[in-house]
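Here the protein sequences come in this chain order: A and B. FYI, the working numbering numbers position 175 of the first sequence as 175, with every residue one higher than the one before it. FYI, the working numbering numbers position 28 of the second sequence as 1028, with every residue one higher than the one before it.
Be a bit skeptical, because a hint or two may be false.
[Said to hold, decoys possible] Some but not every residue of chain A turned toward chain B, in silico, with C-beta under 8 Å: (1) N88; (2) V91; (3) V102; (4) E267.
Treat the hints as calculated values from the structure; they're not laboratory data. All values reported here derive from a predicted model rather than from experimental measurement. Idealized CB from N, CA, C, for every residue including glycine.
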Amino acid sequence: MLQSHSRTDGRLLAQFRKTTIQQGILSKHASGSALISFRNDESQDESTSILAAVTLQVGQPRCTAAFSAGRGDIDVTVSSFKEDDSINISVLQSYLQRTLDVCVQEAQEDLINTGEQNHYHPLLLVPAKAAIGLVVTVKILQNAGNVGDAALLACIAALMDTRIPCREHGISLDEKTGRIWWQPKGYDFERKKEGSVTTWCRCSERGETQHKMRFPLLPLPVTIGLYCNETSEVDDKRRNWLVDPSSAEECLMSTMITMVVDGHAPEQILLLDFCPSFGENNSICSLRTKDLALVAQIAKARAEELKRILVA
Amino acid sequence: MTEARPDGRSANSLRPLSCELGCLQAADGSALWKAGNTHVLAAVHGPIAPRIAMEEHAEAFRIQVVIQTSSSNCSEWEAFLTRILTSCCCTQLYPRCILSITIHVLSHDGSILAAALHAAVSALMDAGIEMRTLPVGVTCLLLNPDILLDPTQVEEDESASLMLVLENSDADQILACYSSSSLNQSIHNILKCSVVAARVSQAISAFWRIAVESKVKRQCETIFS
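This is chain A alone, in the form it adopts within the complex:
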């Protein structure tokens, strides 16, 4: 396979599977949703398909150094449609939680602020008392390899599809019962001025009660497998890079590298994880500095392609 520089599924070593993203697929039941599939060929049944849905719940805000009044939180749950020993659900869940937490922390509202900055997190409802929590549920429908990338992309697409309530329609908290009240749709919102701060909302002018969030940090992943061929004498020919490995290829890899870059600035690396794999090829294959530079170039090109698909 490696000598002919093509794979069992007909792809080249540096060729990704076709990525399709459908947003709003569960619009009746969830605030945001997306279905991602990595498919090699339209005629083939085998594909990696992940469904992600975002629902909202109101709870205590999370106070941090950057957001002293509090901010909303994100909670990720992963499950598989059928039992699959090749996927470690708890590890995948922890990886998604770690990555999406930063994405949500940097989120901004899709509105215009004027006057002095009194910047609250877009998920904050009542400072230090109530905030919106995002519950992301990920379902692995089919696994044909590279589940980590597909799951993260599904979560990102679902978050971009999520609509959260506008805060400027008057939110009040009844502290006795713990209930939060929004003004109903069509309410004639008057622009409020508290001290020197004036805020007005684009969505109130359109009569909308919900809007989407903007993400200054857009984490886009790429996973590459490294296969070390011990029989080759030349050091460079000993290493073979396979992008977007399938489930059969994942078992053979010496090392799996996952790099997450910022879609708005692809030269900035947000996450870098790699460790030796449990492949049949049980030799140690360490990475060199030029290997990491090569992975960064591949990640940058892939991020630009994924951003075009997400924004389209």
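With the hints as your guide, set chain B onto chain A.
Chain B in isolation, oriented as in the chain A frame:
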């Protein structure tokens, strides 16, 4: 110019290290690793026959790592350490066996994953498990333009950290890498970490030699006293 760190260290210095081998009598191998106020205890049991036949591997022994800590990333750390230790040990020497490594975090003050790796490797050495290479972990905190090594918990709360595992203390042989949170760094800055980490990892390898030599010396004194 780099500001002084809260504990007075320079950017490239590690916290004081301490390693006690064979501290648990009931385990086949054990080690108590201390790096400043981060204390980690590792115990190795095995190689033994697994209780469940399905856990057997016909040609090599399997390693199971369990980390007892309150961190939410526990499962990721267990999988990460399992893969590193499996690749570094000569697993073909004990086929159809299982090697269980339990790691307790006694005191948490930053750079936990590196301390857990060092404690596990020390416990494996104490148990007499043959290894192909000694993996050395170095945690780097990226604060543009400085790189701080072996950060404390206070420093890790302020910025993202990156743990590099090097093979043979060589900057060009990076065995594994784990980033705690959003790095938001260029590849150039990340590669600088490997150069800085390689220099420090030689000190950790030398420290391991001292720890093993002191254990052997203590045992000889006990036998011949």
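Going down the list of hints, with the structure as the test:
1. For N88(A), the suggested interface contact is upheld, since its CB lies about 6 Å from the closest CB of chain B, less than 8 Å.
2. Because the beta carbon of V91(A) sits about 5 Å from the nearest beta carbon in chain B, less than 8 Å, this interface hint is met.
3. Against a cut-off of 8 Å between C-beta atoms, the interface hint on V102(A) holds, since the closest Cβ of chain B lies about 4 Å away.
4. Annotation: interface hint on E267(A) holds; nearest CB of chain B at approximately 6 Å, less than 8 Å.
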